[in-house]
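Novice: Given chain A, put chain B in place with the hints provided.
There are 2 protein chains.
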Amino acid sequence: MTKGAETKATILEQAISMASVYGLEGLTIGQLAKETRMSKSGLFGHFGSKEALQFSVLDAVIKNFALLVMEPARKELTGNTQLEILFAKWTQWISIDQRAGGCLLIAASTELDDRPGELREYLAKQQIEWLDCIRRMAQKAVSQDSLKIGLDTRQFAFEFHSIGLSLNFSLRLLNDQKAPERAYTAFSKLMQNAKSQPTTITRYNN
Amino acid sequence: MTKGAETKATILEQAISMASVYGLEGLTIGQLAKETRMSKSGLFGHFGSKEALQFSVLDAVIKNFALLVMEPARKELTGNTQLEILFAKWTQWISIDQRAGGCLLIAASTELDDRPGELREYLAKQQIEWLDCIRRMAQKAVSQDSLKIGLDTRQFAFEFHSIGLSLNFSLRLLNDQKAPERAYTAFSKLMQNAKSQPTTITRYNN
Numbered sequence: 004m005t006k007g008a009e010t011k012a013t014i015l016e017q018a019i020s021m022a023s024v025y026g027l028e029g030l031t032i033g034q035l036a037k038e039t040r041m042s043k044s045g046l047f048g049h050f051g052s053k054e055a056l057q058f059s060v061l062d063a064v065i066k067n068f069a070l071l072v073m074e075p076a077r078k079e080l081t082g083n084t085q086l087e088i089l090f091a092k093w094t095q096w097i098s099i100d101q102r103a104g105g106c107l108l109i110a111a112s113t114e115l116d117d118r119p120g121e122l123r124e125y126l127a128k129q130q131i132e133w134l135d136c137i138r139r140m141a142q143k144a145v146s147q148d149s150l151k152i153g154l155d156t157r158q159f160a161f162e163f164h165s166i167g168l169s170l171n172f173s174l175r176l177l178n179d180q181k182a183p184e185r186a187y188t189a190f191s192k193l194m195q196n197a198k199s200q201p202t203t204i205t206r207y208n209n
Numbered sequence: 004m005t006k007g008a009e010t011k012a013t014i015l016e017q018a019i020s021m022a023s024v025y026g027l028e029g030l031t032i033g034q035l036a037k038e039t040r041m042s043k044s045g046l047f048g049h050f051g052s053k054e055a056l057q058f059s060v061l062d063a064v065i066k067n068f069a070l071l072v073m074e075p076a077r078k079e080l081t082g083n084t085q086l087e088i089l090f091a092k093w094t095q096w097i098s099i100d101q102r103a104g105g106c107l108l109i110a111a112s113t114e115l116d117d118r119p120g121e122l123r124e125y126l127a128k129q130q131i132e133w134l135d136c137i138r139r140m141a142q143k144a145v146s147q148d149s150l151k152i153g154l155d156t157r158q159f160a161f162e163f164h165s166i167g168l169s170l171n172f173s174l175r176l177l178n179d180q181k182a183p184e185r186a187y188t189a190f191s192k193l194m195q196n197a198k199s200q201p202t203t204i205t206r207y208n209n
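Residue numbers (our numbering), protein chains in the order written: chain A, 4 to 209; chain B, 4 to 209.
Extracted from the complex, chain A is given alone in its bound form:
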């Protein structure tokens, strides 16, 4: 990595942390200059504009999410194990406090939902891919006879996703230390329900 790229990476790290607390809109070049002890013009040199900085931050978080949450799960062979690893990595992502302010993607979802623009579109696209990742893993489990035939996998993804949102809420706003346990209980029930009907269909051969 060149010196310039290294500096940019360090600034980006700080910017991600700021955005996780103050939101993407609250991420100002002025505030970032203070935190990184750089000049505003230096920061403009690296990112060009506030919009470009916001985009770089969102992009970095999205790539990180893919690397730390989705990719480890995709390496698994069965749909069921993929879902288990995906859930475990996601709860880690939400719970472990490396960032100052929790999951930026969840926070950005409510921050940007009413603000049309490139940033919102990019986030929505990624979140659709995320739900689709869950759905496809469930579909794989169905095809491997581990989850029941006829399972509504979009419904499954909706419910899987809801657990993480609730975990994030209970951990971050309420500081409820039992939230991870509750999230796991909810996930177990979801998996149990998805298995609970017979996976074989009686065939009548007349």
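Hints in this document: simulated from the structure, not taken from any laboratory.
Accuracy of the hints is not assured; some may be wrong.
Which copy is meant is left open, because identical chains are indistinguishable; a pair holds if it fits in one copy or across any two.
[To be verified] As a list, the in silico BS3-like pairs of lysine-lysine whose alpha-carbon atoms are at most 25 Å apart:
| no. | residue 1 | residue 2 |
| --- | --- | --- |
| 1 | Lys66 | Lys143 |
| 2 | Lys198 | Lys37 |
| 3 | Lys192 | Lys11 |
| 4 | Lys181 | Lys128 |
| 5 | Lys151 | Lys66 |
| 6 | Lys151 | Lys181 |
| 7 | Lys37 | Lys6 |
| 8 | Lys192 | Lys151 |
| 9 | Lys181 | Lys143 |
| 10 | Lys181 | Lys192 |
| 11 | Lys151 | Lys198 |
| 12 | Lys66 | Lys181 |
| 13 | Lys78 | Lys92 |
| 14 | Lys53 | Lys78 |
| 15 | Lys53 | Lys37 |
Specialist: Same frame as chain A, now just chain B:
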């Protein structure tokens, strides 16, 4: 209502709408002055400060939520019906687009979770009451033998709440028109699971 109180109510209405789009932090006296075509000093006269305005907005939304979501459910006699009405009113609250930007309470939860202060504490207190309202209705249903004995009602509240968060997300960010149907399906499953074990205990009288 006096003329002054009326004007204040109108401004508040506009402020709630603004905060639902731009967040409570994004609610500035300057922007509100533009939207209401009033002078900044006039607005300061009504609210005193940005912090007081934010607090008034949050307070108004919390009171409205109690009136439109919790109170109608509390009027029901059985725990099960209370839960059904509560869920119906909550999904209406999330779905019906009277405000410009959706449920302010959900948006404020991720906006304020990392920002210590009065506003955050007030919201957290209300959200704890909200979860407790769900829990007590479930507890009532248990005592009426409609939900199973031994049901973990805090877990129930966690899962009930998660469905609304997912509904809000899917409606607002993804514009998924099937989200209300998915939320109802998830709620039915939650209720079904909470009923699914026998509500009577075998007693051995030796």
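Novice: For Lys78 vs Lys92, is the C-alpha pair at or below 25 Å within one copy, between two copies, both, or neither?
Specialist: For Lys78 and Lys92, only the intra-copy Cα distance (13 Å) is at most 25 Å; the inter-copy one is 42 Å.
Novice: Within, between, both or neither: how does the pair Lys53, Lys78 come out at a Cα-Cα threshold of 25 Å?
Specialist: Answer is neither: 37 Å inside a copy and 50 Å across each miss the 25 Å cutoff.
Novice: Within a copy, between copies, both or neither: where do Lys66 and Lys181 come within 25 Å Cα-Cα?
Specialist: neither (29 Å within a copy, 28 Å between copies)
Novice: From the Cα coordinates, with 25 Å as the cut-off, is the pair Lys53 and Lys37 best called within, between, both, or neither?
Specialist: both (15 Å within a copy, 24 Å between copies)
Novice: Have a look at Lys198 and Lys37 and pick one of within, between, both or neither, based on CA distance no larger than 25 Å.
Specialist: For Lys198 and Lys37, the Cα distance exceeds 25 Å both inside one copy (53 Å) and across copies (56 Å).
Novice: Up to 25 Å between alpha-carbons, please classify Lys192 paired with Lys151: within, between, both or neither.
Specialist: Both: 14 Å inside a copy, 16 Å across copies.
Novice: If the cutoff is 25 Å on CA atoms, where do Lys181 and Lys128 land: within, between, both or neither? Let me know, please.
Specialist: between (32 Å within a copy, 18 Å between copies)
Novice: One pair to classify: Lys66 and Lys143, alpha carbons no more than 25 Å apart. Within, between, both, or neither?
Specialist: within (24 Å within a copy, 46 Å between copies)
Novice: Since the copies are identical, ignore which copy is meant and state whether Lys181 and Lys143 lie within 25 Å (CA to CA) inside a copy, between copies, both or neither.
Specialist: Answer is between: at 23 Å across copies they meet the 25 Å cutoff, but 31 Å inside does not.
Novice: From the Cα coordinates, with 25 Å as the cut-off, is the pair Lys192 and Lys11 best called within, between, both, or neither?
Specialist: The answer is neither: 44 Å in one copy and 48 Å across copies each exceed 25 Å.
Novice: Tell me, please, which holds for Lys37 and Lys6 at an alpha-carbon limit of 25 Å: within, between, both or neither?
Specialist: within (21 Å within a copy, 46 Å between copies)
Novice: When no copy is named, should Lys151 and Lys66 be tagged within, between, both, or neither for a Cα gap of at most 25 Å?
Specialist: neither (32 Å within a copy, 44 Å between copies)
Violated hints, in rising order: 2, 3, 5, 12 and 14; the structure is consistent with all others.
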